[in-house]
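Following the hints, position chain E against chain S.
There are 2 protein chains.
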Amino acid sequence: MSVSPAPAVLKELTTALGAGRVSADPGLLEAKAHDRSYHSWQPPLAVVQPRSTQEVAETMRICHEHKVPVVPRGSGTGLEGGANTSADSICLDLSAMTQILHIAADDLYATVEAGVMKSQLNAALAAHRLQFPAGPGVDASVGGMAATSASGTMAVRYGTLKENVLALTVVLADGSVIRTGSTAKKSSSGYDLTHLFVGSEGTLGVITEATVTLHPVPEANKSGVWSLPSLQNAVELVVAALRSSLRLTRVELLDDLTVDALRKYNGYTAPVTETLMVEFSGSAAEVEAQYAQFAELAAHYDAAEHLQATEPDECQQLWQARHDVLPATVALIPGAAPLATDVCVPISKLPECILQTKADLESVDLLAPIVGHVGDGNFHLAMLLPPGDDAAATKAKEINARLVDRALAMGGTCTGEHGVGIGKIGPMRTEHATALEAMRAVKAALDPAGLLNPGKVLG
Amino acid sequence: MSVSPAPAVLKELTTALGAGRVSADPGLLEAKAHDRSYHSWQPPLAVVQPRSTQEVAETMRICHEHKVPVVPRGSGTGLEGGANTSADSICLDLSAMTQILHIAADDLYATVEAGVMKSQLNAALAAHRLQFPAGPGVDASVGGMAATSASGTMAVRYGTLKENVLALTVVLADGSVIRTGSTAKKSSSGYDLTHLFVGSEGTLGVITEATVTLHPVPEANKSGVWSLPSLQNAVELVVAALRSSLRLTRVELLDDLTVDALRKYNGYTAPVTETLMVEFSGSAAEVEAQYAQFAELAAHYDAAEHLQATEPDECQQLWQARHDVLPATVALIPGAAPLATDVCVPISKLPECILQTKADLESVDLLAPIVGHVGDGNFHLAMLLPPGDDAAATKAKEINARLVDRALAMGGTCTGEHGVGIGKIGPMRTEHATALEAMRAVKAALDPAGLLNPGKVLG
Chain S
-13 MSVSPAPAVL
-3 KELTTALGAG
7 RVSADPGLLE
17 AKAHDRSYHS
27 WQPPLAVVQP
37 RSTQEVAETM
47 RICHEHKVPV
57 VPRGSGTGLE
67 GGANTSADSI
77 CLDLSAMTQI
87 LHIAADDLYA
97 TVEAGVMKSQ
107 LNAALAAHRL
117 QFPAGPGVDA
127 SVGGMAATSA
137 SGTMAVRYGT
147 LKENVLALTV
157 VLADGSVIRT
167 GSTAKKSSSG
177 YDLTHLFVGS
187 EGTLGVITEA
197 TVTLHPVPEA
207 NKSGVWSLPS
217 LQNAVELVVA
227 ALRSSLRLTR
237 VELLDDLTVD
247 ALRKYNGYTA
257 PVTETLMVEF
267 SGSAAEVEAQ
277 YAQFAELAAH
287 YDAAEHLQAT
297 EPDECQQLWQ
307 ARHDVLPATV
317 ALIPGAAPLA
327 TDVCVPISKL
337 PECILQTKAD
347 LESVDLLAPI
357 VGHVGDGNFH
367 LAMLLPPGDD
377 AAATKAKEIN
387 ARLVDRALAM
397 GGTCTGEHGV
407 GIGKIGPMRT
417 EHATALEAMR
427 AVKAALDPAG
437 LLNPGKVLG
Chain E
-13 MSVSPAPAVL
-3 KELTTALGAG
7 RVSADPGLLE
17 AKAHDRSYHS
27 WQPPLAVVQP
37 RSTQEVAETM
47 RICHEHKVPV
57 VPRGSGTGLE
67 GGANTSADSI
77 CLDLSAMTQI
87 LHIAADDLYA
97 TVEAGVMKSQ
107 LNAALAAHRL
117 QFPAGPGVDA
127 SVGGMAATSA
137 SGTMAVRYGT
147 LKENVLALTV
157 VLADGSVIRT
167 GSTAKKSSSG
177 YDLTHLFVGS
187 EGTLGVITEA
197 TVTLHPVPEA
207 NKSGVWSLPS
217 LQNAVELVVA
227 ALRSSLRLTR
237 VELLDDLTVD
247 ALRKYNGYTA
257 PVTETLMVEF
267 SGSAAEVEAQ
277 YAQFAELAAH
287 YDAAEHLQAT
297 EPDECQQLWQ
307 ARHDVLPATV
317 ALIPGAAPLA
327 TDVCVPISKL
337 PECILQTKAD
347 LESVDLLAPI
357 VGHVGDGNFH
367 LAMLLPPGDD
377 AAATKAKEIN
387 ARLVDRALAM
397 GGTCTGEHGV
407 GIGKIGPMRT
417 EHATALEAMR
427 AVKAALDPAG
437 LLNPGKVLG
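Chains as they are written, first to last, in my numbering: chain S, -13 to 445; chain E, -13 to 445.
Honestly, the hints are just simulated from the structure, not real lab data. Treat the hints with care, as some may be off.
In silico DSSO-like cross-links for lysine-lysine, where the CA-CA straight-line distance does not exceed 30 Å [unchecked claim]:
#, chain 1, residue 1, chain 2, residue 2
1, S, Lys383, S, Lys250
2, E, Lys53, S, Lys429
3, E, Lys381, E, Lys429
4, S, Lys429, S, Lys53
5, S, Lys344, S, Lys381
6, S, Lys53, S, Lys250
7, S, Lys429, E, Lys344
8, S, Lys53, E, Lys383
9, S, Lys53, S, Lys(-3)
Chain S extracted, bound-state conformation (with noise of 0.2 Å):
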């Protein structure tokens, strides 16, 4: 007869992190025990609540010692499941390690603690005149987007996660603690432990501090909304501006599903089409003349400036429309809860991955309004599933399978930037059949119990 680790674990954690880091209460147990997707989870026997990296190190050691899995948490918005507990595992809730550490206004970097929020972040940086600017636009923990490898809207411009953090803090499976890169912007030395890190989703360690790359706030903006007459013209539209002298901060595709479900959900003014949302930046002179330059470019692929925002508050209201396509979206079907896909392909790829994805939803009866970060050739379908309504679900995975396999049929992967969590690891799997083996024995290398969120990325 085994005995449950439980009671022993969660004493030893109280008495040595102190009463109110540790609780059972059913209502926080049941509120972190998912994040924001429709993958399954059970109650943790525990969530812990550190106050530091020491706080860290000491709840992994004792889980260690107990052998108890831990599923580190950021914020709780990822949409793969990666922080889903089980029964017999602590969740790990990073969301109380909310200290700015340092800010290097000169050096453009800053140590956060992983649960400081992009929105914290990024208000103490607004007196230095610069910003976080990677990550999604959903509001989110560095620690989490860390560890999912999160990227967003102005990925095109200042790359994803990856490219935007320079060295971490991370508290490996046994409770050691290890840094990894520098303060320097750049280095040779060793093996690149920070990238091992960056997407693997807690699975082989938990990140507590994080020094990230800083960028200046523009001086200006300017942004534009056009209308295309298709999908094709789009994108090639969007490979044009690429390759030109463009500097594109942000390009979004919106199609005429999302720009349908946003005139109904905003006041959004847009003819229901194809539609491209641009912003570029820099000074005030450069951002006129990178316009004047995109719209002689787009004339050339028939698109129809809809709108156009220099002013900082006109320009917050227009990407703010394009952030409420998820509420917009879920409002089509009352009560409906949305099933994100998030496939990325080379751009040039995009049209026929997007039409044949179309073709096949006309195939069910699903409404499924699409979101692309086209200038990385990722995008979204947000499949509406009416409540209740089993048959939705089913028929929603198996468009997102077949999504998927199109996507690596096209050279292209299965995440852009959602991450493995549950929802991938098939798909994962197939993407990376023979680096799954090099995969497993890093994995076996540095949480060899399998502790760290087990059954996360590589199942």
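Quick look at chain E alone, frame taken from chain S:
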């Protein structure tokens, strides 16, 4: 009594690959036994020159079976002994793998074999008005640059090899072939093995193919040479530029000794003082505006323009002068060998780091011009060792050791772009003291028998 595996392994390699691929010619053994550094080497057992990933796999399989160490080699331009061979090893010379496999112009990537030279790739890209700007000024192989995590003068704008490799084909220690990454521009799928192999200097696997990021050739460039009254002013000007809306394509620091060396070597005419060479790229109007904005900023730091260039030939000539720094420096002392240092620090720490190093140099009798990729905080001393002067070599190594300690104390790294090889093992261990065990675990996981480039990086 142990029997040397040499005759058996060479026979088997010759049978498998053909006589033309395996050589024990003494001249070739010596030529391929070392890079351009001062580090020690021994001729290897043989030089194997494969023409395909399959032949590399076959080589690794046979060497693995015989437990013979393998030292992968690109174009041999390394500066820390990363490709230097030992007497019991096989040199795996990838320089004959020179096929450009695919140029995806619209998707801004190319897939090439490891031995493709940067110059060869850029020549092939010219027809597409694309370029591969990452990497050093000296011509080098794509595989070698990736293995070293190289960078160079354009990193401030385009990033290092880390930011410019999308995917790799890698042969592991046992001869298995894996593909990392994808041709999608970004991905959150699985562990980032691509970045693990980039900079691993052939100690984790042999890079046989790389998919790299391409960039448009700018419509126009404008370059300038500026004289500064002090190092502090030069660095403060660069920091101000980096925090502004300026986009520097290159920004190089040359100290007074370097300028003096260039004047003697190639008729460089700039005044003998701290000097910045800058370049801006974009449309013709943009480069004029950016340059004018830089000039305005430069006035605040008492910078005086010595020269400017906009015609392609003039710009090319101006930057060729910069790339002549190494031969120009060596020419200062006939027959001298340069010991190149390579620390990288947060940019604001550059003046202190360089000035302390100059003071340290004054205490010994060594000539050591300095050049710096100042936008990245990376700089090089070329300490000139008169032929046969062992005392100078000892002094130079001591200077370098103190320089590394200084950089690490400032939050920097012991190598910004040259790699660890043999020469930086001690400093790398100091720099990554907490992460060393994790690095060793990764090495043991991927190369349990320790056959890949033994003694390099980790030691």
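Evaluation of the provided hints:
1. A distance of roughly 27 Å separates the Cα atoms of Lys383 of chain S and Lys250 of chain S; the hinted pair therefore holds under the 30 Å criterion.
2. About 25 Å separates the Cα atoms of Lys53 of chain E and Lys429 of chain S, which keeps this hinted pair within 30 Å; it holds.
3. With a C-alpha separation of about 34 Å, the suggested pair Lys381 of chain E and Lys429 of chain E falls outside the 30 Å cut-off, and the hint is violated.
4. Note on Lys429 of chain S and Lys53 of chain S: the hinted pairing holds, with a Cα-Cα distance of about 16 Å set against a maximum of 30 Å.
5. Note on Lys344 of chain S and Lys381 of chain S: the hinted pairing holds, with a Cα-Cα distance of about 14 Å set against a maximum of 30 Å.
6. This hinted pair does not check out: Lys53 of chain S and Lys250 of chain S have alpha carbons roughly 52 Å apart, beyond 30 Å.
7. For the suggested pair Lys429 of chain S and Lys344 of chain E, the alpha carbons sit about 45 Å apart, so the restraint of at most 30 Å is broken.
8. Of the supplied pair hints, the one linking Lys53 of chain S and Lys383 of chain E is violated, its CA atoms being roughly 48 Å apart against a limit of 30 Å.
9. Simply put, Lys53 of chain S and Lys(-3) of chain S have alpha-carbon atoms about 15 Å apart, close enough for the 30 Å limit, and the pair holds.
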